[in-house]
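Colleague: Each chain is listed here by its residues.
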Amino acid sequence: MLSIDNLHASVEDKTIIKGLNLEVKPGEVHAIMGPNGAGKSTLGYVLSGREGYEVNEGAVKLNGKDLLELEVEERAREGLFLAFQYPVEIPGVSNMEFLKESVNALREHRGEEPLTAAEFLKKAKAACKQVNLPLDFLKRGVNEGFSGGEKKRNEIMQMILLEPSLCILDESDSGLDVDALQVVADGVNSQRDGQRSFIVVTHYQRLLDYIKPDFVHILADGKIVKSGDASLALEVEKSGYAFLGKAYEEADA
Amino acid sequence: MSEQIEQALSKQYEAGFYSEIESDTFENGLDESIIRRISAMKNEPKWMLEWRLKAYHSWLEMEEPDWAHVDYPKVDYQAISYYSSPKSMKDKPKSLDEVDPELLDVYNKLGIPLHEQEMLAGVAVDAVFDSVSVVTTFREKLHEAGVIFCPISEAIQKYPELVKKYIGSVVPRSDNYFAALNSAVFTDGSFVYIPKGVRCPMELSTYFRINEQNTGQFERTLIIADEGSHVSYLEGCTAPQRDENQLHAAVVELVAMDKANIKYSTVQNWYPGDENGKGGIYNFVTKRGICHNDAKISWTQVETGSAVTWKYPSCVLKGDNSVGEFYSVALTRGRQQADTGTKMIHLGKNTRSTIISKGISAGKSNNAYRGLVQMGPKSDGARNFTQCDSLLIGDQCGAHTFPYIESRNPSAIVEHEATTSKVSDEQLFLAQQRGLDAEKAVSMIVNGFCKEVFKELPMEFAVEAGKLLEISLEGSVG
Numbered sequence: 010m011l012s013i014d015n016l017h018a019s020v021e022d023k024t025i026i027k028g029l030n031l032e033v034k035p036g037e038v039h040a041i042m043g044p045n046g047a048g049k050s051t052l053g054y055v056l057s058g059r060e061g062y063e064v065n066e067g068a069v070k071l072n073g074k075d076l077l078e079l080e081v082e083e084r085a086r087e088g089l090f091l092a093f094q095y096p097v098e099i100p101g102v103s104n105m106e107f108l109k110e111s112v113n114a115l116r117e118h119r120g121e122e123p124l125t126a127a128e129f130l131k132k133a134k135a136a137c138k139q140v141n142l143p144l145d146f147l148k149r150g151v152n153e154g155f156s157g158g159e160k161k162r163n164e165i166m167q168m169i170l171l172e173p174s175l176c177i178l179d180e181s182d183s184g185l186d187v188d189a190l191q192v193v194a195d196g197v198n199s200q201r202d203g204q205r206s207f208i209v210v211t212h213y214q215r216l217l218d219y220i221k222p223d224f225v226h227i228l229a230d231g232k233i234v235k236s237g238d239a240s241l242a243l244e245v246e247k248s249g250y251a252f253l254g255k256a257y258e259e260a261d262a
Numbered sequence: 309m310s311e312q313i314e315q316a317l318s319k320q321y322e323a324g325f326y327s328e329i330e331s332d333t334f335e336n337g338l339d340e341s342i343i344r345r346i347s348a349m350k351n352e353p354k355w356m357l358e359w360r361l362k363a364y365h366s367w368l369e370m371e372e373p374d375w376a377h378v379d380y381p382k383v384d385y386q387a388i389s390y391y392s393s394p395k396s397m398k399d400k401p402k403s404l405d406e407v408d409p410e411l412l413d414v415y416n417k418l419g420i421p422l423h424e425q426e427m428l429a430g431v432a433v434d435a436v437f438d439s440v441s442v443v444t445t446f447r448e449k450l451h452e453a454g455v456i457f458c459p460i461s462e463a464i465q466k467y468p469e470l471v472k473k474y475i476g477s478v479v480p481r482s483d484n485y486f487a488a489l490n491s492a493v494f495t496d497g498s499f500v501y502i503p504k505g506v507r508c509p510m511e512l513s514t515y516f517r518i519n520e521q522n523t524g525q526f527e528r529t530l531i532i533a534d535e536g537s538h539v540s541y542l543e544g545c546t547a548p549q550r551d552e553n554q555l556h557a558a559v560v561e562l563v564a565m566d567k568a569n570i571k572y573s574t575v576q577n578w579y580p581g582d583e584n585g586k587g588g589i590y591n592f593v594t595k596r597g598i599c600h601n602d603a604k605i606s607w608t609q610v611e612t613g614s615a616v617t618w619k620y621p622s623c624v625l626k627g628d629n630s631v632g633e634f635y636s637v638a639l640t641r642g643r644q645q646a647d648t649g650t651k652m653i654h655l656g657k658n659t660r661s662t663i664i665s666k667g668i669s670a671g672k673s674n675n676a677y678r679g680l681v682q683m684g685p686k687s688d689g690a691r692n693f694t695q696c697d698s699l700l701i702g703d704q705c706g707a708h709t710f711p712y713i714e715s716r717n718p719s720a721i722v723e724h725e726a727t728t729s730k731v732s733d734e735q736l737f738l739a740q741q742r743g744l745d746a747e748k749a750v751s752m753i754v755n756g757f758c759k760e761v762f763k764e765l766p767m768e769f770a771v772e773a774g775k776l777l778e779i780s781l782e783g784s785v786g
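So the protein lines, in turn, are chains A and B. With the first sequence counted from 1, adding 9 to any position gets you my numbering. With the second sequence counted from 1, adding 308 to any position gets you my numbering.
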C-alpha cells in the first residue's frame, strides 16, 4: 500500500523529517504519536504534496506508484486522503457542490461515469447520517461557520464519500469531547474493510481507545524512534515521552 | 501564489478572431462634417442632426475626466474612424436568410447562433456589428404585443416623437465627456418601447461586436417602459484581438414610468489586451435609468473584458416608493483596469436601493468600486444597502473601494458593508487534496464568491457568465 523509504523533508529550508521509514500494508491502522514539533503534521502534508513542503531525499510509493512525482490532486485521485486538523473555509461554495465535483473527479480518474445529482445526494445523505451531521450541512458553504467538532466530522464524512485507499487523519481528535470523539471513531471504524489503510496522527492516546491501531510509532525529531503494538500508546499515556530523553519532556508538557 | 494560477490567467482571448468582411469605413478623424455625414448616411431628420451638433460643440469645450483610478495613454480622437458598416448591409436584409453567411458565421463563433435562437431560445436579438444593426429577429412576435424593438436609427425614422421626447432625458447631451462624444457620433444601438401594462413576451437581447480596426463603437440604447410594463434586456459584447486600443463609448438610457419594471443585464467580454497591457478596448460607458412612482430598475453586470473600464450604471429614484438595484461582478486580470460601480440618487419618498458589488482582481490588474448613494432632502424613509466585496488572486493585483455617501435627510438609512479576501493557498490545497485541479478549484471559489450576483442573472446568461469566468480565470492559479 504505502512505503516510505528514508524520507527527508523540509519547510522553508528547515529540515523537519529526517530519515523516516514506514511500511503500511492494506487494511492496517498505524498510529503515529509524538511530542509537539516532532513533524507529525508535516508528514501528512509531505505525503499529500502540499506546496512549500520540499522532499530532499528518499522515496514514497503508494500502490506501487511513485507518489512524489504526482501533483496534489493526482495523489488524491490515486486514493490518498488527508483529514485536516484545521480545515479551511470556502465561503459561498456549498459542501454539496464541492463534494460532488470532488467525487466525480475521482470517479473520472477511475474511468467511471460521473454520479448524477440524485445519485450523489443519496450517498451524501447517508454519509452525513453516519457522522451525525444534519442534512443542511450539505447546503452550507464548505466549513463556513462550522464549529471545531463539526469540521472534524465533516472531514470524516468526506472520507466516507470519497472512499480512499489510504486515509491520513491529522489530529482528528483535537478539541473533541467524548461524544464527538466516539462519532469520529465510529465513522473511521466503519471504513475499515480489510483493504483500506489508515495513518492516525495523534498527540494523545485517547483516540486510540476508540480506533484500535495495529501498530504504534513514536515520531521524534523527524524520525520514527520506536515502534510497537497498541500497548506502546498506553505506555506513552502513562509516562509521557520521557523515554525519549530530556529534550522532549518539556515539549510534551 | 503558485504558478498554476499564473498559467490559468494567461489564457487566450477566445473571441479574438477578426472577420474578413468588406466594409465601408469613414476616414479617421472627427469634425462637423463627419457628424453631418453620419447623420446623412442614416437619413436623419434635421432635429437629430442639430442635437448631434450641439453635443459635439459641448464636447469640444469639455475635458476628459481623470478622476477614475485608471491610467492609460491619452486617446487620440482624430485617429479613430467614426463610422464603419459591413458592405453587404447596404441592402438591408429582411430576414436571417438574406444575411451574409460570413457574418452569421461570426455570430456562431461567438456562440450566438441566431437561427437557433430564433427557433429555440425565444430571445429576440438585435445584433450590432461595428456600427450597424445587422438583423433584428422576432420583430413580428413583439409587434403583436405592441412592443417596439428596433435599431435606434430606425426608431428615429419611424417613431421620431418618442425618440425626440426621451433621448437625452436621462443622460443629457453634455452629461459627461464620453456621453457628449457619443451624443455627437452615435451610429446605432437599440430602441425599445413597452406599452402600458404590457409584459414583454420574451427577453430582449443585443450583441455588440467591434470588428474593424481603428473604429470606435458608439452605440446608444434607449428603453422606455410605459406604466405598469415589464421588460428584461440582455446585452453582450466582444471584439477581435488587436494591438491598438479601441474605443467604446456607449450611452444607455432607461425610463421606467409609474409601476414599470426594467431589468438590464450585461455580459461584457471586450478584448482586454495582452498580458503586457498592449491593445484592448477602452470601455467608457454611461448607463443611467430614471424610476417614476413605484417603478423598479435593476442593473446586473458581469464585466470580464476591456483594457480599461469606466462605467457606473445608475438609478435616479425620482418617484416615491421606487426601487433601484445594482448587482455587479467585475473581474480583472493581466493589466486590466476597472473603475466601476453605481450611483443611487434617492429623490422620492420611501425609495429603496440595493448595491451588491463583487470585484475579483488577479494578475497585475487593478479593480476599483466607486459608488455614490445620495439621499435627497425629500427622500423621507429612503433606504440603501450596499455590500462591496473584493477577492484577490495572487499578490500583485489591487482592489480599491471608493464609496461616497451623501445624506440630506435625517430619516434616510444607509448601510454599507465591505470585505476583502484572498483565494488562499490553503483553500486551493484543500480542494486539490479532494481531487480537484487548481483551475477548477479557483473557478469554484470565484463562482461561490459571485453567487449573490449570478442568481440575479437571467438563466441562460447565468450559465454563460459562469463559463466566461471560468475561461477568464484559466491560468490564474499560481
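Treat the hints loosely; a few may be bogus.
One-sided and incomplete, this derived list gives chain B residues near chain A with beta-carbon spacing under 7 Å [as the list claims (entries may be wrong)]:
| # | residue |
| --- | --- |
| 1 | Tyr712 |
| 2 | Glu734 |
| 3 | Gln735 |
| 4 | Phe737 |
| 5 | Gln741 |
| 6 | Gly743 |
| 7 | Leu744 |
| 8 | Lys759 |
| 9 | Lys763 |
| 10 | Pro766 |
Hints were generated in silico from the structure; no laboratory data involved. The structure presented is a predicted model; accordingly, all values stated were derived computationally and were not measured. In this text, a Cβ means the ideal position worked out from N, Cα and C, and glycines have one as well.
Colleague: Determine for every hint whether it applies to the structure shown.
Modeller: How the hints compare with the structure:
1. Tyr712: 27 Å, violated
2. Glu734: 4 Å, holds
3. Gln735: Given a least distance of 5 Å, the restraint on glutamine 735(B) holds.
4. Phe737: 5 Å, holds
5. Gln741: Holds: closest Cβ of chain A sits about 5 Å from glutamine 741(B), inside 7 Å.
6. Gly743: Hint holds; glycine 743(B) Cβ to chain A Cβ min 4 Å, cut 7 Å.
7. Leu744: 6 Å, holds
8. Lys759: Holds. Min distance 5 Å.
9. Lys763: Violated, because the Cβ-Cβ distance from lysine 763(B) to chain A comes to roughly 11 Å (cut-off 7 Å).
10. Pro766: Cβ of proline 766(B) sits 21 Å from chain A, so the hint is violated.
When held up to the earlier numbered hints, the structure conflicts with 1, 9, 10 and fits the remainder.
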